[in-house]
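Q: Protein chains in written order, with the working numbering: chain L, 175 to 284; chain G, 5 to 120.
Keep in mind that the hints are not guaranteed to be accurate.
[Stated by the list, open to error] Examples of chain L residues lying across from chain G (beta carbon under 7 Å, computed): (1) Tyr-207; (2) Pro-213; (3) Ser-219; (4) Val-222; (5) Leu-235; (6) Ala-243; (7) Asp-256; (8) Asp-267; (9) Phe-274; (10) Thr-281; (11) Pro-284.
[Said to hold, decoys possible] Cβ pair distances, simulated, as ranges: (12) Leu-31/G to Thr-247/L: 45 to 55 Å; (13) Asn-57/G to Asp-256/L: 39 to 49 Å; (14) Lys-283/L to Phe-16/G: 16 to 26 Å.
Calculated directly from the structure, the hints in this document are not laboratory data.
Don't be surprised by glycine CBs; every beta carbon is placed ideally from N, CA and C.
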Amino acid sequence: ELKVEQNPLFLSMQEGKNYTIYCNYSTTSDRLYWYRQDPGKSLESLFVLLSNGAVKQEGRLMASLDTKARLSTLHITAAVHDLSATYFCAVDDNNNDMRFGAGTRLTVKP
Amino acid sequence: DGGITQSPKYLFRKEGQNVTLSCEQNLNHDAMYWYRQDPGQGLRLIYYSQIVNDFQKGDIAEGYSVSREKKESFPLTVTSAQKNPTAFYLCASSTRLGTAVRSPLHFGNGTRLTVT
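Extracted from the complex, chain L is given alone in its bound form (with noise of 0.2 Å):
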């Protein structure tokens, strides 16, 4: 059974800092997602990666795929408090389920 793990849960970070949040999962995908959540709203997607290797920006985010590794990264530049959320990862098992990870819910504090 495919399990995704996250880390840190918590993250409480200074504006203008650096951060990054591990996604890690324990069978072979190679399709990664990951998904922003604001407080009692639904999830929008961020970020689509489908190979090894494979690197995303959006503005102070940057999020990134190893497969081999069976870890992918979602990188924080310079954080602002608009993007305090809870942040998920997600894995295509192959088998038409997404399994996500626990999220992590991020505060920038100015």
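Using the hints, position chain G against chain L.
A: Frame of chain L; chain G shown alone:
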């Protein structure tokens, strides 16, 4: 605008009652999903459907039922057999980007169900 509509946004029910959550999409997506989210936790798959008139159980299907009579609609019934039904329920849909790659899930705004 295309999207997924879930209704109602908030739902309150007494224990022992069945309740149906609505999910409609106009994205022309083949696949639809129901997830449950408990406070501070990730998403757990309840049911999914890849095609009309077919659906599969997810990890936590017990106490839930679904139907897929139309491509656009995938309602979820929370039955009295579900032991802890209070949660945030999210409906999603997806399509295929290529022959095997799924698009990111498009989510509805969710239904917050409270059972007392």
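Q: Do the numbers back the hint for Pro-284/L, that is, is its least Cβ distance to chain G under 7 Å?
A: violated (24 Å)
Q: Has the hinted range 45 to 55 Å been met by the Cβ atoms of Leu-31/G and Thr-247/L?
A: Given a distance of about 30 Å, which is not inside 45 to 55 Å, the answer is violated.
Q: For the hint on Asp-267/L, just tell me whether its beta-carbon gets within less than 7 Å of chain G.
A: violated (10 Å)
Q: How about Val-222/L: closest beta carbon in chain G under 7 Å, or not?
A: holds (5 Å)
Q: Should the interface hint for Asp-256/L be scored as holding, given a Cβ-Cβ cut-off of 7 Å against chain G?
A: violated (20 Å)
Q: If you take the shortest Cβ to Cβ gap from Thr-281/L to chain G, is it below 7 Å?
A: violated (14 Å)
Q: Grab the minimum C-beta distance from Ser-219/L to chain G and call the hint holds if it beats 7 Å, violated otherwise.
A: holds (4 Å)
Q: For the restraint on Tyr-207/L, tell me whether the closest CB of chain G is nearer than 7 Å.
A: Where the cut-off is 7 Å and the nearest Cβ of chain G is about 5 Å from Tyr-207/L, the hint holds.
Q: When you take the CB atoms of Lys-283/L and Phe-16/G, is the distance between them in 16 to 26 Å?
A: Between Lys-283/L and Phe-16/G, where Cβ atoms are some 36 Å apart, the hint is violated.
Q: Verify the interface restraint on Leu-235/L: the C-beta must sit less than 7 Å from at least one C-beta of chain G.
A: violated (15 Å)
Q: Is the distance from the Cβ of Asn-57/G to the Cβ of Asp-256/L consistent with 39 to 49 Å?
A: holds (44 Å)
Q: Under the criterion of a CB-CB separation shorter than 7 Å, is Phe-274/L in contact with chain G as hinted?
A: holds (4 Å)
Checked against the numbered hints above, the structure breaks hints 2, 5, 6, 7, 8, 10, 11, 12 and 14 and satisfies the rest.
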